[in-house]
Amino acid sequence: MRSSTLIPKPNHFDYHKCLQVLGDNDFECLHFKENGTIVKALSKGGHPFAFRISEENEGLKLDLLNGRSNYLAVAIFYVREWFDMDRDLKPFYGLLNENPKLSFLLEHFEGLRLMGIPDLFEALCWSILGQQINLSFAAKLKRRLVENYGERLEVEGKIHYLFPRPEALAPLDPEALRPLQISQRKAEYLIGISRLFLEGKISKQHLEGIGDAEAVQETLLKIRGIGLWTANYVMMKSLLLPNAIPYGDSGLNSALYRLELTNKRPTKEEVDAIFEPFDGWKSYLTRYLWRSLSLNT
DNA sequence: TTCCAGGCAGTAG
DNA sequence: CTACTGCATGGA
Numbered sequence: 001m002r003s004s005t006l007i008p009k010p011n012h013f014d015y016h017k018c019l020q021v022l023g024d025n026d027f028e029c030l031h032f033k034e035n036g037t038i039v040k041a042l043s044k045g046g047h048p049f050a051f052r053i054s055e056e057n058e059g060l061k062l063d064l065l066n067g068r069s070n071y072l073a074v075a076i077f078y079v080r081e082w083f084d085m086d087r088d089l090k091p092f093y094g095l096l097n098e099n100p101k102l103s104f105l106l107e108h109f110e111g112l113r114l115m116g117i118p119d120l121f122e123a124l125c126w127s128i129l130g131q132q133i134n135l136s137f138a139a140k141l142k143r144r145l146v147e148n149y150g151e152r153l154e155v156e157g158k159i160h161y162l163f164p165r166p167e168a169l170a171p172l173d174p175e176a177l178r179p180l181q182i183s184q185r186k187a188e189y190l191i192g193i194s195r196l197f198l199e200g201k202i203s204k205q206h207l208e209g210i211g212d213a214e215a216v217q218e219t220l221l222k223i224r225g226i227g228l229w230t231a232n233y234v235m236m237k238s239l240l241l242p243n244a245i246p247y248g249d250s251g252l253n254s255a256l257y258r259l260e261l262t263n264k265r266p267t268k269e270e271v272d273a274i275f276e277p278f279d280g281w282k283s284y285l286t287r288y289l290w291r292s293l294s295l296n297t
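All residue numbers for the first sequence refer to the working numbering, where the first residue is 1 and numbers rise by one.
Simulated from the structure, these hints should not be mistaken for lab results. Some hints here could point you the wrong way.
As the list claims (entries may be wrong) - In silico DSS-like links for lysine-lysine, alpha-carbon gap of 27 Å or less:
| hint | residue 1 | residue 2 |
| --- | --- | --- |
| 1 | 17 | 33 |
| 2 | 158 | 222 |
| 3 | 101 | 17 |
| 4 | 44 | 33 |
| 5 | 9 | 204 |
| 6 | 140 | 9 |
| 7 | 222 | 17 |
| 8 | 61 | 101 |
| 9 | 140 | 33 |
| 10 | 201 | 17 |
| 11 | 204 | 222 |
| 12 | 201 | 222 |
| 13 | 44 | 158 |
| 14 | 268 | 44 |
| 15 | 101 | 264 |
| 16 | 158 | 33 |
| 17 | 61 | 201 |
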């Protein structure tokens, strides 16, 4: 009975650069970082379990911390998506190299992966919580939501949480989330989307089956609470679509402004013009531009 | 104090 | 179609 496995690293894969964008333990409530390893809980068939990710020379090692060995397959599938391990970044790096104003991104961040949110419901809820407010406050709201409505799992003396399932939020009255300092409007969005998931009117599988990115965006935009920014955010972070741009994103705008590529509030058309040469890699360019905000000046 | 944060829907013109 | 407004709170 195996309780660990190794996922081989693709080319251009830097575990520590990926780790840096995951957020510290006080910010993030859905995993722990410990000495360069990550501990996270997932669920298989309603049974929560936890596993640890650590780096080895040849790949990422996954160790189950509890539960049955057949949970490993769930963890492997999750980590491959989370770290976007099934993509060859070479074409992206070719495009960056050709661009004098952006090639510095490659020098700093080669090996950084998209770092998605594989669970579509979690990605939608997180992006709604993050609308308009600063990230640290958004993280507090997420933590309160998770600690109040997510499943708990204790492993090795630590409490792990799973993101709440739609079933946990769907029955709520929006006012029930006000004590968490989630706005009435956002509570309505979250609960409405929970109900759509329960009714089977949204699912990751369905969106993945659409194929055409334009049609996926149209589908998402019909949902109350999802605008252009949120639709593209989840297309990038959860569906791993290659050309999603979170138009209007304040972080993206300030990254472009700092590079003197735009004014402070560029239009969609101005952003499109900058991204146009990066067809197939617009989501990655967004990730790398976000990351550039951490560089000095 | 005012303004802005990883926006959105609703309304008015 | 575009312009404006309230929402929630915290930090600069």
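Consistency of the hints with the structure:
Our distance criterion of 27 Å between C-alpha atoms is met by residue 17 and residue 33, whose separation comes to about 14 Å. Between residue 158 and residue 222 the alpha-carbon distance is near 40 Å, which puts this suggested pair outside the 27 Å criterion. About 22 Å separates the Cα atoms of residue 101 and residue 17, which keeps this hinted pair within 27 Å; it holds. With a C-alpha separation of about 22 Å, the suggested pair residue 44 and residue 33 falls inside the 27 Å cut-off, and the hint holds.
The straight-line distance between the Cα atoms of residue 9 and residue 204 is roughly 26 Å, inside the 27 Å bound, and the hint therefore holds. With a CA separation close to 33 Å, the supplied pair residue 140 and residue 9 exceeds the 27 Å bound. For the proposed pair residue 222 and residue 17, the alpha carbon gap of about 36 Å is over 27 Å, so the pair is violated. Taking the CA atoms of residue 61 and residue 101, the gap is near 37 Å; set against the 27 Å cutoff, the hint is violated.
Using a Cα cut-off of 27 Å, the hinted pair residue 140 and residue 33 holds, with the two alpha carbons roughly 18 Å apart. Distance hint between residue 201 and residue 17 is unfulfilled; the C-alpha atoms sit about 37 Å from each other, more than 27 Å. This hinted pair checks out: residue 204 and residue 222 have alpha carbons roughly 16 Å apart, not beyond 27 Å. With a C-alpha separation of about 12 Å, the suggested pairing of residue 201 with residue 222 holds against the 27 Å cut-off.
A hinted pair counts as satisfied when its Cα atoms are at most 27 Å apart, and residue 44 with residue 158 qualifies at roughly 20 Å. With a C-alpha separation of about 41 Å, the suggested pairing of residue 268 with residue 44 is violated against the 27 Å cut-off. A hinted pair counts as satisfied when its Cα atoms are at most 27 Å apart, and residue 101 with residue 264 qualifies at roughly 18 Å. For the suggested pair residue 158 and residue 33, the alpha carbons sit about 12 Å apart, so the restraint of at most 27 Å is met.
Between residue 61 and residue 201, the direct Cα distance comes to roughly 36 Å. Violation of the 27 Å bound is thereby established for this hinted pair.
The earlier numbered hints that this structure contradicts are 2, 6, 7, 8, 10, 14 and 17.
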